[in-house]
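Participant: Residue numbers (our numbering), protein chains in the order written: chain A, 749 to 1606; chain B, 280 to 541.
Keep in mind that the hints are not guaranteed to be accurate.
Said to hold, decoys possible - Far from chain A by the CB rule (all over 10 Å, computed), these chain B residues: (1) LYS312; (2) ASP331; (3) VAL406; (4) ALA422; (5) PRO441; (6) PHE461; (7) LYS469; (8) ASP472; (9) GLU480; (10) SER499.
As the list claims (entries may be wrong) - With a Cα cut of at most 30 Å, we get these calculated DSSO-like pairs of lysine-lysine: (11) B/LYS497 <-> A/LYS846; (12) B/LYS442 <-> A/LYS1237; (13) A/LYS1175 <-> A/LYS846; (14) B/LYS367 <-> A/LYS1332; (15) A/LYS1332 <-> B/LYS336; (16) B/LYS442 <-> A/LYS890.
Calculated directly from the structure, the hints in this document are not laboratory data. Ideal Cβ placement from N, Cα and C applies to all residues, glycine included.
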Amino acid sequence: MKKKIVNLSLERPKLVVTLSILLAIILGAMVPQIKIDTDPENMLPPGEPARLFHSATKEKFGLHDMIVVGIIANERSNGVYNQQTLTSIHTLSKQIKKIEGVIQEDLMSLTEADNILQAGPGTIRFEWLMNTAPSTQAHVDKIQSAVNRLPMINNTMVSGDGMAAGIYIPIIEKHESYRIATEVKAIIDTLDSSDEFHITGLPIAEDTFGVEMFLQMAISAPLAGLFIFVLLWYFFRSISLITAPMLMSMIVVIATMGLLIGMGFTVHIMSSMIPIFLMPIAVVDSVHLLSEFSDNYRPGKDPKQVVREVLGHLFTPMFYTSITSALGFASLALTPIPPVQVFGLYIAFGILLAFVLTVTFIPAYITLLSPEKLAALSRVDHDQDSNGMLAKSMRWLGDRSLASPKLLISLTVLILAVSIWGISFIKVNDNPVQWFSKDHPIQVADKVLNKHFAGTYNAFIVLTKSEGDEKEQFFNAFTQVLSSEHTNKEFAHTLERVLQKSAAHPSFINTLEDILNQLDERSFNATDGQLVVIDALMTLTESTASAEKYFQNPDALRYIEGLQLALLESGHVGKSSAMTDIVKTVHRELRGGNETHFTIPESSNAVAQVLLSYLGSHRPNDLYHMVTPDYRSASIWLQLKSGDNVDMQNVTAFVDEYIAAHPLPKGVQLDWAGLTYINVIWQDAMVKGMIGSLISAFVAVFIVMIILFRSISFGLIAMIPLTITITAIYGVIGFIGKNYDMPVAILSSLTLGLSVDFAIHFLQRSRTLFEETGSIHETLSLMYEDPARAISRNAIVVAIGFTPLLFAPLTPYVTVGAFLATIMALSCLVTLLVLPAVLSLGSSYLFKPSPNNQGEHE
Amino acid sequence: MNRIILSLLFLLPSSAFSADLTDVDHIVDRAIKAAFYAGEDGRAVTRMTIVDKQGRKQLRQFTILRHDVEDGGKQKFLVYFTRPSDVKKTMFLVHKHPGKTDDRWLYLPELDLVKRIAAGDDRTSFVGSNFFYEDVSGRDSSADTHELIQTSDTFYVVKNTPKDPSSVEFSQYTVWIDKDTFIPMKTEYKDEDGTLYRRVETMEVKEISGFNTATKMKVSNLRNNSYTLNEMRFIKYNLGIPESIFAERSLRSPPIKWLKNR
């Protein structure tokens, strides 16, 4: 099989090269259809219950994604309460309303808010809080005192310290936020203001992230290519030769991305890293191939024959290293995070494609090179290679390893133990806003606004009263009233039909209203006897309907109030808003404005009447962001100062404790929504998923190793470098307090797939050399020559290939870049230090001079 | 020849015979009287269905009593809620004075509170519906300038521009007034950018006691597709409702006699 492939490439080189390039062109044609996806919600599969609930909540309460504009009046003693700042807010808000894509009616700003206040004895007044820009200090003072009395506005639209004001811009489409923000900026620029303006909000963060992701792919990937090119040139000094792996890695990247896009997947933060991952990994195998080819080729030799010889003993290790790397990445498919799955599977595809091209495209390309070019290649001074810096340091390493293997292994065990201790400190935490570097305007705005305001991160507690047997009870009671009507069977029958027909309504409250309408209708032509029945039924239906509106019940509202108070006192949230705030504010004003009446009224009817008064304001619909029109479900909006999921988890943990101590009212269910909460869900899923994916990849690679080496002991030894590297890396992460976030999570698969490569090459070559020399000592010394150099070159190529990530403006890329270099160095070092020590200590058991070890490399 | 002219005349719509009005103020005046001042007084039961953008319905039902102090001028209203039952007996008392904001009182039976409501303007929601107070009691015609922009076979189309744009959320509105009944059949509101965002429609007109009456009206918010439907029934005119009941004391002790529909 492998001979056939090699022969095809050597005999029909033009066909192979053409086919490879054609593959890149066809799949590359898909690339322009690219769709960027930066929505953190997509970290969860579309059908994930938490995500479905989040979407349902947004729909149910009419909540939208919001852009937040913060106005900071730093230089002023009275904060934003001055004519100039308020005028700016007025102008800005009025202009923002005109921007296409902004949901005007839900815009939250001082200019759009309604004020309720005392206007003389026995008189309350509803008026726009700031319909016109204040032209006098008196007007400014009036606004200030009004804001302080309105809990829905205070610390949301003006910060608690009065130093900042906020405008919350709900938008129709998230992906338009960048354009809308640009238009807002343009308006800000026209303002005559000495205040500081910040624009932030999750949609902005996402959209900006998408833009930067594009830049990332357009800059980092070619830069990585350039670095690798220079490095290869340093190793081989032949442009025509190294063009082969460069061309191949480009084909791999283009084909993989083309396939991904062509299959209809969106490019997410994870998949945007595919090119830069594939580029170095793809060329690694060909580095081995070209190394050996340039070592063995001399003018006059048949290049095809040299390629055959080199591939003869490289095919198997290359095949296995590719399989294991692919397995490491493919294991990411076991995580429940779709973008991570896509990332893992497509990298795996790219790695396998790279392998196929390494054994077909590269040989074919070499065959096509002119004899002159090949002659030039052989003029490279090979002696320099074996006496260079790299060679010397390898030999030095070898001396250290072989001098005191026992000490080395004890040291390794110690490091392992310490690392495991370090792992226990790992903190799972992520926050999409933190994906930006510290000085990015979005991070700056985030910091400044959260310093002044109750918080720019949103979460929602949703309380829902479940349908019990009220409907059944009502139907029974209704039929019972009818059965007492003996005089007119036909009349009773008609009313029975009314009941049955109305039952078809989706919500019980609509059923009841329909019944009321029909009863009402019939009452006008009813006889006095019938009227008695109708009145009884109407009373029954009305009282049922009233009771159905659960969140008008003072007990229910007091539960919400208690929870809000506890949350505020806990310090975990900056502020919470719920319908209780509206009810209490309006109740206070109706009662004369005294703080002692800032309470929930005593009966459901009183609550209903207070709310009816509120509904006569300019913005009645604000109520329905907090309770559904049927009063069966209420929301509590929580503002958090941090979007870190550890902070969100503190909130959910606190609420869990609260519920345990103060049980929810009967039939009421508590759920969570909001993006800050969604982040917790997917990160939790990610951690659990990564453990599963790591274990399965570990097992799979172990099995592949046993198959490769036909020996359990060698299989185990091959797992040593990656085990030490993964443990050490996560140990370090635990110790330095770096958050375990998405990029850190994928590092384990990356390490698993890449560091096993070194072990494969090392063990494979050790066995071959042992067969040739018959002496373990000689074998290991020889290992520090050619093989050690190939392995370290390999490590250098990958590490250097990832360095452009270090200059990325987005921190996830930087994290991956920095850790990758460390991982490469560490696993290379472990392979070259620990493996020889293990081999020499266990040589009597591992290396039996028997013919069993032969014939594996076919 | 005569026969031809005669048959031609026969084919022409009847309205062609009555001369079109050209004085816009006169048209507006007649429209307001037709819509809000039928008879000396009146009573109607209104069922209001509020449908939000998700199609969720809420229902309110109330009885309106009206007394005209002067035709086309001052008016008094009592609004008595019957449903939902949790707001039963809640009442509004409105004294309308064209030229300035209405006087409004609110009675909340469960809190046993009478409050005067001094709204900054009359364009606040009427009990959470898409109707504004002003849609219920009628907008003061002198607050706008009027322009007859079209006279079709069936409608006088009048464009209205507010004299004080800062007091309202619209920049202009256009009314389609039926040429026969003078009932405004459609009103469309445009915002500052000229975008149509709100529509009030008369869905049904019935002749009651000789008065053409809009018995079904719909207000639509075109920005979010929510709407409110008003259906009026048991309409009676010239009942002889005394002006004296349109006073604060009626809030706590409703004038049952006048509120009864039968």
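Participant: Honestly, which of those hints from before does the structure not fit?
Facilitator: 2, 3, 8, 12, 13
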